[in-house]
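Under numbering that gives the first Met the number 0, the sequence shown is numbered contiguously, ending at residue 556.
Because the hints were derived from the structure by calculation, they are not lab data. A portion of the hints provided could be inaccurate.
[To be verified] Computed list of lysine-lysine pairs in BS3-like fashion (alpha-carbon distance at most 30 Å, straight line):
id : residue 1 : residue 2
1  : K254      : K357
2  : K102      : K74
3  : K187      : K254
4  : K163      : K102
5  : K102      : K165
6  : K357      : K74
7  : K453      : K322
8  : K220      : K165
9  : K322      : K220
10 : K453      : K390
11 : K67       : K322
12 : K148      : K220
13 : K165      : K187
14 : K322      : K357
15 : K128      : K148
16 : K163      : K74
17 : K260      : K148
18 : K67       : K220
19 : K220      : K102
20 : K390      : K357
21 : K220      : K390
22 : K102      : K67
23 : K357      : K67
24 : K254      : K322
25 : K220      : K74
26 : K220      : K254
27 : K489      : K453
[Said to hold, decoys possible] DEER-style ranges, computed between Cβ atoms:
id : residue 1 : residue 2 : range
28 : S266      : I141      : 24 to 30 Å
29 : L297      : V82       : 19 to 25 Å
30 : L302      : T373      : 47 to 53 Å
From the three backbone atoms N, C-alpha and C, an ideal C-beta is built for every residue, glycine too.
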Amino acid sequence: MDDRHVNGTSLPRDLRGLEHRPLARRPVLWFAFAAILLPLAVLLVLQYGWLVDLEHAAAVTRQATLGKFLEAIVKGVQYRFTVSAEESLDIPATAVGDEDPEKVVVLLKKKGFPGARLYFLVDYRQHAKMLVFDAGGSRLAISDWSREKLAILTALAPWSIAAKAKTLVDDTRVHFDDHDPANRIVLKPITDETSHLVGFAGAIIDVDYFSSVVLPEIIEKTLPKFGKKHDLVVWVEDSQHRQILATAPGAVRNKGAVRLKLVPLFSDWVITLQDRNATPEAWARRNFALNFSLSVVLMVVLLAGLALVLRAASREMRLSTMKSDFVSNVSHELRTPISSIRVFAEFMRLGRVTDPAKVREYGGYIETESRRLTQLINNILDFSRIESGRKVYNFEEADLEQVAREALATLEVRTRNSDFSISFSGPDVPLPPLHVDAGAIHQAICNLLDNAIKYSGDGREIHVTVTREDGFAVVAVTDHGIGISLDEQKRIFERFHRISTGLRHDVRGSGLGLAIVKHIVEAHGGSVAVESEPGKGSTFSIRLPLARGERQREAEP
0 MDDRHVNGTS LPRDLRGLEH RPLARRPVLW FAFAAILLPL AVLLVLQYGW
50 LVDLEHAAAV TRQATLGKFL EAIVKGVQYR FTVSAEESLD IPATAVGDED
100 PEKVVVLLKK KGFPGARLYF LVDYRQHAKM LVFDAGGSRL AISDWSREKL
150 AILTALAPWS IAAKAKTLVD DTRVHFDDHD PANRIVLKPI TDETSHLVGF
200 AGAIIDVDYF SSVVLPEIIE KTLPKFGKKH DLVVWVEDSQ HRQILATAPG
250 AVRNKGAVRL KLVPLFSDWV ITLQDRNATP EAWARRNFAL NFSLSVVLMV
300 VLLAGLALVL RAASREMRLS TMKSDFVSNV SHELRTPISS IRVFAEFMRL
350 GRVTDPAKVR EYGGYIETES RRLTQLINNI LDFSRIESGR KVYNFEEADL
400 EQVAREALAT LEVRTRNSDF SISFSGPDVP LPPLHVDAGA IHQAICNLLD
450 NAIKYSGDGR EIHVTVTRED GFAVVAVTDH GIGISLDEQK RIFERFHRIS
500 TGLRHDVRGS GLGLAIVKHI VEAHGGSVAV ESEPGKGSTF SIRLPLARGE
550 RQREAEP
């Protein structure tokens with residue numbers, strides 16, 4: 000029989016491919032990461048450039064927006080007076096020259112002009128005769144040298160020339176005159192059916208009413224269309240820089256304020272608008288910082304997602320490699336006892352062994368290798384049940400010391416002809432029965448012993464102890480082998496993990512033994528620990544809780 004059949008059966012073609020498959024090439028993942036990271040970095044740089052350009056454009060746009068707001072206020076004022084004058088001062092030509100002024104008063108009071116201090120009617124048919132009324136409709140007698148009459152005559156001067164020249168007038172729109180700040184005038188030309196100017200209806204504006212009622216109302220209606228009320232501040236000042244109106248009197252003015260004259264009726268007034276929080280440039284910088292921060296956060300999230308994907312891919316590749324190693328190692332573990340069983344059985348079948356002592360010896364080898372094969376298969380099956388959550392333990396009263404001795408007995412034949420020296424020491428005082436799954440604990444101890452044999456190296460001494468400690472029963476397996484580094488100790492109980500030593504490829508294993516030990520012990524409410532130092536061996540300890548009454552008695556002095 001050749002060495003190939005003595006040492007093990009040949010693997011199927013697909014398994015042999017797995018056995019010699021190289022480790023996954025992680026540089027491929029790094030290349031993929033770089034291939035994605037580079038475009039993201041370029042995109043971030045481009046995004047930064049776009050946001051810089053947007054910052055400048057946003058400052059200009061913000062400034063223009065504030066200007067549009069002021070224009071809206073000015074147009075609102077103009078519209079307010081124009082509409083009011085069109086309705087209130089639309090006096091028919093037949094009313095001009097009427098000997099009864101009360102009719103004119105009735106017309107003015109009926110239509111009304113909100114914010115008017117005085118009304119006046121000028122009749123060019125009667126040599127520019129002027130009638131003046133107060134806001135209540137009472138006729139007033141004003142002197143020729145009164146400021147109001149002088150303001151009215153000044154405003155009508157260009158029109159008086161046209162009336163004397165009998166010039167046709169097509170423009171009957173409302174006109175404004177603010178030469179006298181104390182008497183701001185609204186004018187409405189009156190023409191007959193031949194388009195000749197026959198008179199004027201007009202009003203002198205109540206400035207206090209305008210500044211305290213009309214203007215705040217227009218600002219209040221316009222403000223929400225251009226921004227949040229608490230963000231914008233409006234001031235109105237006259238030509239002497241006296242404050243007429245302020246939406247936030249305590250606000251500090253900044254360089255980003257926008258100014259506009261309140262034409263046509265208050266052209267000597269300046270309305271000012273600014274952002275309470277910042278100038279348009281600062282507002283643009285703030286938006287830039289916000290947008291760029293969001294871009295960076297989005298980039299970080301994308302990179303984090305990419306990292307997670309690559310980590311998952313790396314983990315899957317590593318798991319695939321571990322599974323490949325698992326298949327290779329398990330195949331070796333399976334064929335070794337099978338080969339031994341077949342060889343010894345073949346010797347016995349061919350009659351080459353006739354001595355009864357030899358027959359018993361070969362039978363012992365066959366039984367030991369069968370137990371070893373059974374243990375490996377049990378590990379694989381138990382791992383499958385554990386992974387799928389179908390593992391069930393049958394708890395019953397058992398003697399832990401006896402379970403440990405039976406585990407040692409299964410290795411007796413395997414270590415009989417080797418240099419291994421296995422010793423056992425039990426507790427000074429017999430342990431009480433433990434409520435455990437004896438078969439599962441037996442399997443866990445066998446897995447620890449199997450590891451101790453595999454990684455003993457030149458140190459062929461193994462010691463097993465069963466003791467009690469702080470309310471726990473402890474089974475410790477000590478070897479004097481190659482030891483385990485501190486970094487490896489953190490991972491040796493993970494599935495498929497095998498220590499990275501020079502013996503890794505010389506010593507075969509499934510990588511499931513310690514993972515199964517941990518699951519079994521934790522299912523019993525215990526724990527498993529390792530104490531090891533490279534080159535000085537290892538001690539694996541299984542701690543199983545005693546019955547509650549036993550722990551209480553042990554705690555008593």
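To see whether the hints hold, each was checked on the structure:
{"no.": "1", "hint": "K254 x K357", "in the structure": "108 Å, violated"}
{"no.": "2", "hint": "K102 x K74", "in the structure": "33 Å, violated"}
{"no.": "3", "hint": "K187 x K254", "in the structure": "41 Å, violated"}
{"no.": "4", "hint": "K163 x K102", "in the structure": "26 Å, holds"}
{"no.": "5", "hint": "K102 x K165", "in the structure": "27 Å, holds"}
{"no.": "6", "hint": "K357 x K74", "in the structure": "119 Å, violated"}
{"no.": "7", "hint": "K453 x K322", "in the structure": "20 Å, holds"}
{"no.": "8", "hint": "K220 x K165", "in the structure": "44 Å, violated"}
{"no.": "9", "hint": "K322 x K220", "in the structure": "73 Å, violated"}
{"no.": "10", "hint": "K453 x K390", "in the structure": "27 Å, holds"}
{"no.": "11", "hint": "K67 x K322", "in the structure": "71 Å, violated"}
{"no.": "12", "hint": "K148 x K220", "in the structure": "35 Å, violated"}
{"no.": "13", "hint": "K165 x K187", "in the structure": "18 Å, holds"}
{"no.": "14", "hint": "K322 x K357", "in the structure": "40 Å, violated"}
{"no.": "15", "hint": "K128 x K148", "in the structure": "12 Å, holds"}
{"no.": "16", "hint": "K163 x K74", "in the structure": "34 Å, violated"}
{"no.": "17", "hint": "K260 x K148", "in the structure": "26 Å, holds"}
{"no.": "18", "hint": "K67 x K220", "in the structure": "14 Å, holds"}
{"no.": "19", "hint": "K220 x K102", "in the structure": "37 Å, violated"}
{"no.": "20", "hint": "K390 x K357", "in the structure": "41 Å, violated"}
{"no.": "21", "hint": "K220 x K390", "in the structure": "74 Å, violated"}
{"no.": "22", "hint": "K102 x K67", "in the structure": "44 Å, violated"}
{"no.": "23", "hint": "K357 x K67", "in the structure": "110 Å, violated"}
{"no.": "24", "hint": "K254 x K322", "in the structure": "70 Å, violated"}
{"no.": "25", "hint": "K220 x K74", "in the structure": "13 Å, holds"}
{"no.": "26", "hint": "K220 x K254", "in the structure": "26 Å, holds"}
{"no.": "27", "hint": "K489 x K453", "in the structure": "20 Å, holds"}
{"no.": "28", "hint": "S266 x I141: 24 to 30 Å", "in the structure": "25 Å, holds"}
{"no.": "29", "hint": "L297 x V82: 19 to 25 Å", "in the structure": "51 Å, violated"}
{"no.": "30", "hint": "L302 x T373: 47 to 53 Å", "in the structure": "50 Å, holds"}
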